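In case you want the letters, here they are:
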Amino acid sequence: MAKKSKGRAQTVRPRQQSTRAAVAPQRWRLKLVIGGVILAVALGVGGLVRFLQHSNLSPRLQKAVDQHYTLGTAGAPVVIKEFSDYT
Amino acid sequence: MQRFEGQVQLVLYPLALNPAANPASEVAAQAAWCAGEQGKFWDFHHMLYRRQELWNRFAAPLERLSDFANDLSLDPTALKSCVESGRMQTFVAADRTYSQQLQVNSTPTLFINEQRVVGFRPEDELMRLMRQELDRVQRPGQ
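Protein sequences appear in the order of chains A and B. Counting with my numbering, you get residues 1 to 87 for the letters of the first sequence. Counting with my numbering, you get residues 1 to 142 for the letters of the second sequence.
These are calculated hints, taken from the structure and not from any lab test. Heads up, some of the hints might be wrong.
[Stated by the list, open to error] Chain A is nowhere near these chain B residues, computed Cβ spacing over 12 Å in every case:
(1) Asn-22
(2) Ser-66
(3) Asn-70
(4) Leu-72
(5) Ser-73
(6) Ser-81
(7) Gly-86
(8) Ser-106
(9) Phe-111
(10) Pro-122
(11) Asp-124
[What the hints assert, rightly or not] Pulled a few chain B residues facing chain A out of the computed Cβ check, cut under 8 Å:
(12) Ala-28
(13) Thr-109
(14) Leu-134
Given the structure is predicted, the values throughout are model-derived calculations rather than measurements. Glycine included, C-beta positions come from ideal geometry on N, C-alpha and C.
Generate coordinates for the entire structure from the input sequences, incorporating the hints supplied.
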């Protein structure tokens with residue numbers, strides 16, 4: 001009986017070692033996937049913020065022409081808004 | 001501007017970006033609005049840059065600006081009392097708020113339609129950017 005069990009134990013050990021060896025790259029792969037997802041989310045949020053900022057700029061740029069000093073033709077296709085500090 | 005007659009309009013926002021740190025810029029912006037009341041906004045605007053070194057480092061820049069007003073056939077007393085009354089403060093404050101909404105953090109900042117141009121640029125570069133924008137908006141299907 002004892003011999004039988006010893007023999008069984010000897011056959012199991014190398015299999016456990018190979019399982020451990022297989023788990024290690026799997027963990028790295030998981031870390032890479034999680035890192036990739038975090039990076040993608042961060043880039044997506046950054047892109048969204050930039051898009052929202054830019055899309056909000058257009059209506060804001062359309063206001064406040066009135067009551068300001070202008071040169072050139074009103075209703076021209078190109079409007080230049082100049083923000084200048086005198087100092 | 002004359003090269004682009006009928007095609008380009010310039011709107012000027014005299015800005016006092018940081019009046020707490022630089023009160024002279026607030027005085028100058030208000031004085032420009034006040035000069036506008038006397039029909040001399042652009043003359044005064046150009047003078048402020050031309051003589052910048054002569055007024056912006058003084059403790060009482062309004063005194064200097066009132067002196068220069070004489071050279072532009074402005075009424076210096078009216079200009080001074082206009083600034084001192086603070087009635088142009090709302091215009092300057094409104095422009096500052098507007099500039100903050102547009103995330104203008106330094107001057108000069110220009111918007112050629114929606115294209116932001118930050119910092120001083122040589123005239124030929126500005127001409128090129130204007131021409132580019134004109135081409136873009138005048139392209140069929142735009």
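If we take the beta carbon of B/Asn-22, is the closest beta carbon in chain A still more than 12 Å away? violated (5 Å)
Assertion that B/Asp-124 lies outside the chain A interface [Cβ separation over 12 Å]: holds (16 Å)
Quick check on B/Thr-109 please, does its C-beta sit within 8 Å of some C-beta on chain A? With Cβ-Cβ at 5 Å, under 8 Å, it holds.
Under the criterion of a CB-CB separation shorter than 8 Å, is B/Leu-134 in contact with chain A as hinted? Holds - the Cβ of B/Leu-134 comes within 8 Å of chain A, reaching about 6 Å at its closest.
Looking at B/Asn-70 again, its CB stays over 12 Å from all of chain A? holds (19 Å)
Hey, is B/Ser-66 genuinely clear of chain A, shortest beta carbon separation above 12 Å? Its Cβ never comes within 12 Å of chain A, the nearest being 15 Å, so this holds.
Status of B/Gly-86, Cβ more than 12 Å from any chain A Cβ: Since the minimum Cβ distance to chain A is about 17 Å, B/Gly-86 lies beyond 12 Å and the statement holds.
Separation of B/Leu-72 from chain A, once the least beta-carbon distance is taken, above 12 Å: The claim stands: B/Leu-72 keeps its Cβ more than 12 Å from every Cβ of chain A (closest is about 15 Å).
Regarding the hint that B/Ala-28 lies at the interface with chain A, is the smallest CB-CB distance below 8 Å? holds (4 Å)
Once the closest CB in chain A is found, is it more than 12 Å from B/Phe-111? violated (4 Å)
Claimed clearance of chain A by B/Ser-106, with the beta carbon kept past 12 Å: violated (9 Å)
Nearest-CB test (12 Å) between chain A and B/Ser-81: B/Ser-81 clear of chain A: closest Cβ-Cβ about 20 Å, beyond 12 Å.
In summary, the structure is inconsistent with hints 1, 8 and 9 from the numbered list given earlier, while agreeing with the others.
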